[in-house]
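Position 188 of the sequence shown, counting from 1, maps to 188 under my numbering, and the rest follow consecutively.
Since the hints were derived computationally from the structure, they do not count as laboratory data. Any given hint might turn out to be false.
Pairs of lysine to aspartate or glutamate residues, derived as DMTMM-like cross-links and limited to a Cα-Cα distance of at most 25 angstroms, are as follows [unchecked claim]:
id : residue 1 : residue 2
1  : K252      : E168
2  : K74       : D235
3  : K217      : E181
4  : K27       : D140
5  : K15       : D41
6  : K161      : D326
7  : K27       : E38
8  : K274      : D205
9  : K29       : D103
10 : K90       : D64
11 : K217      : D235
12 : K3        : D40
13 : K131      : D64
14 : K170      : E181
15 : K328      : D235
16 : K25       : D64
17 : K274      : D235
18 : K68       : D103
19 : K3        : D41
20 : K316      : D326
21 : K282      : E166
22 : K102      : D150
23 : K135      : D103
24 : K325      : D207
25 : K29       : D40
26 : K74       : D140
27 : K47       : D103
28 : K170      : D245
29 : K131      : D118
30 : K135      : D152
31 : K257      : D205
32 : K161      : E335
33 : K8        : E38
34 : K90       : D140
35 : K90       : D152
36 : K27       : D41
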Amino acid sequence: MAKYTKQKNGYYRTKVLLGYGPDGKPKCKYLNARSIRELDDLVMKTKQEQAQGLLLARNVTFGDYASKWLAVYKANRGVATRAMYESVLKNHVDLLARVPLKDVTRLMIQGQINARADRPRTCEMILLTVKQIFKSAIRDGVVLRSPCVDIDLPRHVKNEKRPLTEEEKKALRSSVLLPQERLLLLLLYGTGCRPAEAYALTKSDFDFRAGTVFINKAVQFSGNIPVSVSYPKTDSSIRHVVVSDAVMRALKHLVDKMPHDNVLGGNTGEIMHKCQYGTIFKHILQKSGLSVSGITQYTFRHNFCTECKYNGLSLKETQHQMGHKDYKMILQVYEHIDSLKENTREKMANMVM
Numbered sequence: 001m002a003k004y005t006k007q008k009n010g011y012y013r014t015k016v017l018l019g020y021g022p023d024g025k026p027k028c029k030y031l032n033a034r035s036i037r038e039l040d041d042l043v044m045k046t047k048q049e050q051a052q053g054l055l056l057a058r059n060v061t062f063g064d065y066a067s068k069w070l071a072v073y074k075a076n077r078g079v080a081t082r083a084m085y086e087s088v089l090k091n092h093v094d095l096l097a098r099v100p101l102k103d104v105t106r107l108m109i110q111g112q113i114n115a116r117a118d119r120p121r122t123c124e125m126i127l128l129t130v131k132q133i134f135k136s137a138i139r140d141g142v143v144l145r146s147p148c149v150d151i152d153l154p155r156h157v158k159n160e161k162r163p164l165t166e167e168e169k170k171a172l173r174s175s176v177l178l179p180q181e182r183l184l185l186l187l188l189y190g191t192g193c194r195p196a197e198a199y200a201l202t203k204s205d206f207d208f209r210a211g212t213v214f215i216n217k218a219v220q221f222s223g224n225i226p227v228s229v230s231y232p233k234t235d236s237s238i239r240h241v242v243v244s245d246a247v248m249r250a251l252k253h254l255v256d257k258m259p260h261d262n263v264l265g266g267n268t269g270e271i272m273h274k275c276q277y278g279t280i281f282k283h284i285l286q287k288s289g290l291s292v293s294g295i296t297q298y299t300f301r302h303n304f305c306t307e308c309k310y311n312g313l314s315l316k317e318t319q320h321q322m323g324h325k326d327y328k329m330i331l332q333v334y335e336h337i338d339s340l341k342e343n344t345r346e347k348m349a350n351m352v353m
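Generate the whole structure from the sequences, applying the supplied hints.
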């Protein structure tokens with residue numbers, strides 16, 4: 001029996017079984033070549049591609065694969081991270097959704113970026129997401145290469161991070177605040193914790209004898225709604241922050257007054273909506289006579305890193321205090337301070353609030 005069927009036009013023909021559909025019927029691919037040897041090579045190549053998953057996924061669209069990628073490979077990411085990916089896929093890559101994944105081109109991706117050039121940060125998130133999708137697709141054997149090469153992003157001028165000025169610190173110290181407002185201020189100022197880490201703190205996290213605050217959880221928000229209290233950003237974020245004696249005394253005075261275990265909780269101790277914490281912070285600035293647009297909660301985190309430098313902490317110590325997994329951001333702060341050639345001796349006074 002002949003290995004292949006010879007057609008009237010002189011070409012040889014065969015079929016390769018690719019699998020079975022939902023109805024149980026076989027799915028085959030027909031192959032044609034001028035010679036038996038050429039068809040042998042084509043059959044071998046087809047079976048190799050099949051083993052890599054290329055043929056069965058040949059017509060999968062970008063949108064279909066992206067949905068599965070999000071559901072499977074990003075299932076354990078934080079709520080905010082997943083929300084970012086979902087927003088990009090839903091709102092910013094609409095022209096790619098129905099295109100077969102293998103047919104997505106650099107030109108198409110650049111077009112989606114250009115359509116949102118007035119939002120540089122959004123463009124960065126689009127490219128980040130699409131790159132990750134194609135990296136995953138290559139590993140899954142769905143495509144052979146990524147079209148995400150040499151994509152031009154609009155210039156993104158980031159707001160310069162800065163510490164608090166001495167005038168701002170003085171205004172915050174002298175302001176008349178409610179106990180919960182003062183507590184949030186002290187936590188942001190004295191521990192350098194991320195806002196979501198501060199919102200999750202409970203009374204047992206304060207060791208007043210050792211002078212430390214245990215950062216071991218963070219509130220996860222979906223938009224404005226708190227959805228869980230879980231591990232913080234990374235494993236490195238779990239840490240005991242050493243707090244100055246002056247700040248620790250003030251914290252003890254306030255924490256002892258808090259009626260619920262969750263020290264920054266609502267009236268019944270519950271985790272509040274994100275906007276409610278934002279309102280508390282806004283009131284702190286307003287009562288201190290400071291601009292609500294010039295200072296964010298993360299300004300205090302940058303200020304804490306600066307204070308670590310002024311007080312002689314090493315990069316490694318500051319990395320632990322801040323809960324960073326590497327030195328990169330801390331090094332930028334330290335190098336910036338060194339470049340200013342300030343008189344650090346004047347900055348060495350104990351932190352007082």
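Status of each hint after checking the structure:
With a CA separation close to 24 angstroms, the supplied pair K252 and E168 stays within the 25 angstroms bound. For the given pair, K74 sits about 18 angstroms from D235 by alpha-carbon distance, which is consistent with the 25 angstroms threshold. In summary, the hint linking K217 to E181 is supported, as the alpha carbons are separated by about 21 angstroms, within the 25 angstroms threshold. Under the criterion of a C-alpha separation no larger than 25 angstroms, the hint pairing K27 with D140 is consistent with the structure, at around 21 angstroms.
Distance hint between K15 and D41 is fulfilled; the C-alpha atoms sit about 13 angstroms from each other, no more than 25 angstroms. Distance hint between K161 and D326 is fulfilled; the C-alpha atoms sit about 18 angstroms from each other, no more than 25 angstroms. At most 25 angstroms may separate the alpha-carbon atoms for a hinted pair to count; K27 and E38 meet this at roughly 23 angstroms. Restraint check: the Cα-Cα separation between K274 and D205 comes to about 21 angstroms, which is no more than 25 angstroms; the hinted pair holds.
For the suggested pair K29 and D103, the alpha carbons sit about 20 angstroms apart, so the restraint of at most 25 angstroms is met. The hinted pair formed by K90 and D64 meets the criterion: a straight-line CA distance of about 12 angstroms does not exceed 25 angstroms. For the hint pairing K217 with D235, the CA-to-CA distance comes to about 10 angstroms; that is within 25 angstroms, so the pair holds. For a cut-off of 25 angstroms, the pair hint linking K3 to D40 stands: about 10 angstroms separates their Cα positions.
Among the hinted pairs, K131 with D64 is consistent with the structure: their alpha-carbon atoms are about 16 angstroms apart, no more than 25 angstroms. With a C-alpha separation of about 16 angstroms, the suggested pairing of K170 with E181 holds against the 25 angstroms cut-off. Straight-line distance between C-alpha atoms of K328 and D235 comes to about 17 angstroms, which keeps the hinted pair within the 25 angstroms bound. Only pairs whose Cα atoms come within 25 angstroms are accepted, and K25 paired with D64 is accepted, the gap being roughly 23 angstroms.
Restraint check for K274 and D235: the C-alpha separation of about 24 angstroms stays at or below 25 angstroms, so the hint holds. Between the alpha carbons of K68 and D103 the distance comes to roughly 18 angstroms, so the proposed pair stays at or under 25 angstroms and holds. Restraint check for K3 and D41: satisfied, since their Cα atoms lie roughly 14 angstroms apart, inside the 25 angstroms limit. For the hint linking K316 to D326, the alpha-carbon distance of about 9 angstroms falls within 25 angstroms, and the restraint holds.
Restraint check for K282 and E166: satisfied, since their Cα atoms lie roughly 20 angstroms apart, inside the 25 angstroms limit. Restraint check for K102 and D150: the C-alpha separation of about 18 angstroms stays at or below 25 angstroms, so the hint holds. A C-alpha spacing of about 15 angstroms is found between K135 and D103, which places the hinted pair at or below 25 angstroms, so the restraint holds. Of the supplied pair hints, the one linking K325 and D207 holds, its CA atoms being roughly 24 angstroms apart against a limit of 25 angstroms.
Only pairs whose Cα atoms come within 25 angstroms are accepted, and K29 paired with D40 is accepted, the gap being roughly 14 angstroms. For the hint linking K74 to D140, the alpha-carbon distance of about 15 angstroms falls within 25 angstroms, and the restraint holds. Note on K47 and D103: the hinted pairing holds, with a Cα-Cα distance of about 22 angstroms set against a maximum of 25 angstroms. In summary, the hint linking K170 to D245 is supported, as the alpha carbons are separated by about 19 angstroms, within the 25 angstroms threshold.
For a cut-off of 25 angstroms, the pair hint linking K131 to D118 stands: about 21 angstroms separates their Cα positions. At most 25 angstroms may separate the alpha-carbon atoms for a hinted pair to count; K135 and D152 meet this at roughly 19 angstroms. At roughly 15 angstroms between alpha-carbon atoms, K257 and D205 fall within 25 angstroms of each other, so this suggested pair holds. With a C-alpha separation of about 13 angstroms, the suggested pair K161 and E335 falls inside the 25 angstroms cut-off, and the hint holds.
Restraint check for K8 and E38: the C-alpha separation of about 18 angstroms stays at or below 25 angstroms, so the hint holds. Taken as a hint, the K90 and D140 pair is honoured in the structure, with Cα atoms around 23 angstroms apart against an allowance of 25 angstroms. Among the hinted pairs, K90 with D152 is consistent with the structure: their alpha-carbon atoms are about 22 angstroms apart, no more than 25 angstroms. With a C-alpha separation of about 21 angstroms, the suggested pair K27 and D41 falls inside the 25 angstroms cut-off, and the hint holds.
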